[in-house]
Amino acid sequence: SQQGEEDPQALSIQEGENATMNCSYKTSINNLQWYRQNSGRGLVHLILIRSNEREKHSGRLRVTLDTSKKSSSLLITASRAADTASYFCATDPGNTGKLIFGQGTTLQVKP
Amino acid sequence: GAVVSQHPSWVICKSGTSVKIECRSLDFQATTMFWYRQFPKQSLMLMATSNEGSKATYEQGVEKDKFLINHASLTLSTLTVTSAHPEDSSFYICSASPGLAGGITDTQYFGPGTRLTVL
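The listed protein sequences derive, respectively, from chains A and B. In terms of my numbering, the first sequence is numbered consecutively and its last residue is 236. In terms of my numbering, the second sequence is numbered consecutively and its last residue is 157.
Derived from the structure by calculation, the hints contain no laboratory data. Every value quoted in this text rests on a predicted model; they were computed, and no experiment measured them. C-beta: ideal position from N, C-alpha, C; glycine also. A portion of the hints provided could be inaccurate.
To be verified - Partial list, computed: chain A residues near chain B (C-beta under 8 Å):
no.	residue
1	GLN158
2	ARG166
3	GLY167
4	LEU168
5	HIS170
6	LEU173
7	SER176
8	PHE213
9	GLY222
10	LYS223
11	LEU224
12	GLY227
As the list claims (entries may be wrong) - Calculated from the model, a selection of chain A residues having no Cβ within reach of chain B, i.e. all distances over 12 Å:
no.	residue
13	GLY141
14	GLU180
15	SER198
16	THR231
Throw the hints in and build the complete structure from the sequences for me.
As structure tokens, then:
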């Protein structure tokens with residue numbers, strides 16, 4: 126499979142806690158993207174980090190990228206019940222727009 | 039941000055019938071759109087690349103005669119599932135990027151998805 130790995134597969138935390146999800150990929154990349162998917166819905170783009178960037182912030186989100194380890198992490202700080210969703214990382218190894226998605230992490234934030 | 043719509047949002051059909059799903063970029067033009075399929079509790083798998091004015095390119099294992107793709111304009115791509123069977127039941131999602139040009143990829147915007155149930 127060309128898909129990357131994500132861990133954990135499922136994560137359950139209390140509101141206010143931080144959530145960290147990890148993603149590993151297999152080929153060299155120009156950028157890596159993180160998406161959120163609420164149950165039965167489409168994907169919402171969260172953040173794009175380019176291969177020459179090591180860390181990027183957007184609101185309560187922090188993404189890191191380690192190209193030497195072919196891995197990325199998504200940190201959600203001060204989580205809210207509304208953050209409950211599945212989170213996917215995606216890469217585009219061929220620079221063609223064809224995204225390869227990780228397996229996803231299902232996050233549950235309990236109020 | 040850029041908006042991509044899909045229609046219908048859900049459809050139930052009988053086995054053997056064909057179903058058409060539309061994907062529209064509402065506020066930008068997209069020479070390329072992508073179709074993904076997602077089975078329950080699984081990730082998205084790319085099915086095909088829809089190219090405006092030319093034939094779609096399909097990923098390995100995806101039957102082009104079963105999943106017909108037409109990219110008639112710069113804002114519309116359609117996916118027709120022909121002779122649908124229960125195993126085709128899935129969540130179909132399209133995406134497009136306003137920044138896809140010159141080999142430089144950018145943020146992909148996804149439609150809300152279409153839930154297909156084949157009885």
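A quick look at each hint next to the structure:
Proximity of GLN158/A to chain B holds as hinted, the smallest CB-CB distance being about 7 Å (cut-off 8 Å). Because the closest C-beta pair between ARG166/A and chain B is about 6 Å apart, less than 8 Å, the hint holds. Look at GLY167/A: its Cβ gets to within about 4 Å of chain B, closer than 8 Å, so that hint holds up. Proximity of LEU168/A to chain B holds as hinted, the smallest CB-CB distance being about 4 Å (cut-off 8 Å).
With 8 Å as the threshold, the beta carbon of HIS170/A comes within range of chain B, its nearest partner Cβ sitting at about 5 Å, so the hint holds. Annotation: LEU173/A was flagged as interfacial toward chain B, and the flag holds, the nearest CB pair being 6 Å apart, inside 8 Å. Contact between SER176/A and chain B, as hinted, is not supported at the beta carbon level, the nearest pair being about 12 Å apart and thus beyond 8 Å. Nearest Cβ of chain B to the Cβ of PHE213/A: about 6 Å, under the 8 Å cut. The hint holds.
Checking GLY222/A against chain B by beta carbon gives a least distance of about 5 Å; that is within 8 Å, so the hint holds. Of the supplied interface hints, the one on LYS223/A holds, with its beta-carbon coming within about 6 Å of a beta-carbon of chain B, less than 8 Å. The interface hint given for LEU224/A is met, as the beta carbon of that residue sits about 6 Å from the closest beta carbon of chain B, less than 8 Å. For GLY227/A, the shortest C-beta to C-beta distance to chain B is roughly 7 Å, which falls under 8 Å, so the interface hint holds.
Non-interface status of GLY141/A relative to chain B is upheld: no Cβ of that chain comes within 12 Å, the nearest being about 27 Å off. Listed as outside the interface, GLU180/A is consistent with that label: its C-beta sits roughly 18 Å from the nearest C-beta of chain B, beyond the 12 Å cut-off. Its beta-carbon lying about 18 Å from the closest one in chain B, SER198/A satisfies the requirement of being farther than 12 Å from that chain. THR231/A, annotated as away from the interface, has a beta carbon of chain B within 12 Å; the closest lies near 8 Å.
Consistency note: the structure conflicts with the earlier hints numbered 7, 16.
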